[in-house]
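Protein sequences, first through last, are from chains A, B, C and D. Under the numbering used here, the first residue of the first sequence is numbered 68, with each subsequent residue one higher. Under the numbering used here, the first residue of the second sequence is numbered 68, with each subsequent residue one higher. Under the numbering used here, the first residue of the third sequence is numbered 68, with each subsequent residue one higher. Under the numbering used here, the first residue of the fourth sequence is numbered 68, with each subsequent residue one higher.
Just to be clear, a hint being listed does not mean it is correct.
In this list, chains with the same sequence are indistinguishable; a pair is considered to hold if it fits within one copy or across any two.
Stated by the list, open to error - Here are the computed lysine-lysine pairs in the DSS-like style, where the Cα-Cα straight-line distance is at most 30 Å: (1) Lys224 <-> Lys110; (2) Lys216 <-> Lys261; (3) Lys70 <-> Lys228; (4) Lys268 <-> Lys70; (5) Lys146 <-> Lys261; (6) Lys268 <-> Lys224; (7) Lys228 <-> Lys146; (8) Lys269 <-> Lys70; (9) Lys269 <-> Lys224; (10) Lys216 <-> Lys146; (11) Lys70 <-> Lys261.
These aren't lab readings, by the way, just hints derived from the structure by calculation.
There are 4 protein chains.
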Amino acid sequence: MSKLYFTYGAMNCGKSAALLQVANNYEERGMTVIVAKPAVDTKGGDAVTSRLGVSRPVDVLIGAGDSVRDVVLPVALAKRTSCILVDEAQFLSEGQVDGLHEIAYGDGIPVMCYGIRTGYLGTGFPGSIRLLEVADELRELRTICRCGKRATMNIRKIDGKPDFADVGHQLAIDDGTTDAVYESVCPRCWHQAKMEWLREKKRN
Amino acid sequence: MSKLYFTYGAMNCGKSAALLQVANNYEERGMTVIVAKPAVDTKGGDAVTSRLGVSRPVDVLIGAGDSVRDVVLPVALAKRTSCILVDEAQFLSEGQVDGLHEIAYGDGIPVMCYGIRTGYLGTGFPGSIRLLEVADELRELRTICRCGKRATMNIRKIDGKPDFADVGHQLAIDDGTTDAVYESVCPRCWHQAKMEWLREKKRN
Amino acid sequence: MSKLYFTYGAMNCGKSAALLQVANNYEERGMTVIVAKPAVDTKGGDAVTSRLGVSRPVDVLIGAGDSVRDVVLPVALAKRTSCILVDEAQFLSEGQVDGLHEIAYGDGIPVMCYGIRTGYLGTGFPGSIRLLEVADELRELRTICRCGKRATMNIRKIDGKPDFADVGHQLAIDDGTTDAVYESVCPRCWHQAKMEWLREKKRN
Amino acid sequence: MSKLYFTYGAMNCGKSAALLQVANNYEERGMTVIVAKPAVDTKGGDAVTSRLGVSRPVDVLIGAGDSVRDVVLPVALAKRTSCILVDEAQFLSEGQVDGLHEIAYGDGIPVMCYGIRTGYLGTGFPGSIRLLEVADELRELRTICRCGKRATMNIRKIDGKPDFADVGHQLAIDDGTTDAVYESVCPRCWHQAKMEWLREKKRN
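Extracted from the complex, chain A is given alone in its bound form (with noise of 0.2 Å):
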């Protein structure tokens, strides 16, 4: 049975490496593949890159208003896809994601889609809260907070400093406009930082 996957993690876990992974595996069997990630996401242009150095155009671009059955259904079964892989899912939207489970389990496509869990807030993405919610599979990769243990979460850096302060979206997306600088951290550290900068923040 053809399901729909999500595969979430703190930002920089590597997950266009998974994701570029995966459509290897697929191809390296003669099966094809499609890549899609939201438009909004410039970073790269119109690839999926990993920090590894690996790189891959994406097959289509899904704008903010876009039914994915119009743009991303049509794409696989002309290709006859095996898969369909979508990165920085959270930046899909909640009737773009109940698309993909359509996809899922009415059309009998598998959908892996790979994305950030959380903001620096601690707060969701409309696209991760809805994959968290109807992804058939969860599985989080993994990364490591400096104190060394596990990252789930993100922290948002000005002057090297962690700043919680709501700056009307949750996830700066790097186009150049923001010196902010972001780090993944374990729930342990994230709690301290937001802590120690209400603390600040009191005393300004």
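Fit chains B, C and D to the supplied structure of chain A, relying on the hints for placement.
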């Protein structure tokens, strides 16, 4: 490191039995646990009851507007608790889950929550969405669909027929005022039932 | 697709309760399961008994030299079984696990085995080793160490003190002939206890 | 707490890429890792190479009779290593895995091993069996069968046909002396191929 855990599953998958087993495991080692439950879940009164025939009184009922720091933490500290177990965690509010996150990572007491992932409409409850976002470990408790596959979703039935009408609450609380019956199903059976219901509705 | 599952854990982690819950889940949906157990495990007689206080008769006792195709498959087919549940699976022989693998992938009946991963010497049992090699899904059932960490190993104690002497069998079967007591512990506590026992032994 | 991890999978599922990603994750945070490999694996020489096109030199080659305390631990300590990564871990001896267990739980350095679970006969390697017994966390790395299902086993092919003859070693090491080709498959395809091979053999 103490953590926040979320064990989720479809209805009637054995969440309460799993919780009671963990309580047993701790107590056999001479440790103390407390069991909490949102007060809105009136099923079984002030007890956690498994359909296997095992039961246990609840130590703390969490009211709709309660702060878990005010009602759960003092009991946990007074009893020198090794673990806080929360049943029916889908009914927690977002803020209550944040409070449990703080207890796990700020106060250092492990918190294990058990709950339903989504209601019959396929959408999450406030408590389960927040737990899916911030719990350090997500574990699925599996049950079986009538088709033999793994059940992860739920169907609401009126007079034996699936009914996807939005009745204003995700999941009827079993208080005798409704004759809806729930069945846990796999995503494909859920999707088929919904498509049939939509077609039927269109016809009428 | 039917599969071979192995749910493993340290001693007293709740394996029998988990098995009884799965049996319950199937039967609530009107399906049939059979429960099998190696005959060598005389604990609880011909029943699977959980320390939670729940119990259920065993349908098939598997003798040491039995072929599972001869003793389990006919009962499963006669009862039109949806799932075969095997308790204390660590005591199966390699060949019996291979037979269950064949039943799952050749005859199409799902097989779920529950057992202990390793004995107090930290080495596997024939049945658990073979299941770790070939089971399609490995699931850990967790319990807690006295230090608060996750317990995955076991210690054998004589007069309250850890004893790592190799007594010729991995795990005493609780038949009243030994006063060894077992405790499930985390790998670090297991390692420390073993180092202390080795030092003590050297001194004497 | 440092742990011993085992990430296992069928052949060509992307184990080396996963290892290289973890190394990258640590080093991006300014931490040090060392990469070790059994010397018997001559594939790729003294490097860990992923079919994605990424590669990295090995820090320590572990000889067949080496003690990991003698050859791995000193390098790890000298480099103040945050994590020891071991590729092709199926080729380790039992004693070497026990040594890595001791390094993780006695010396406090996390050890992550990557390897193949079983060879084409469906039986484990000494290193993978021992890791399945004692690793604290078992994680499966998935790949795909030609039938579209999850591949967890391997088939050996001569002239394009599955061959289950026991050639005295579980897995040919790719040294140019054999023209066997390997394919990773799901348990059902593995089982069918084996049954066909047995029937064919009987006929001749």
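**Request:** Provide an ascending list of the numbers of those earlier hints which the structure does not satisfy.
**Result:** none
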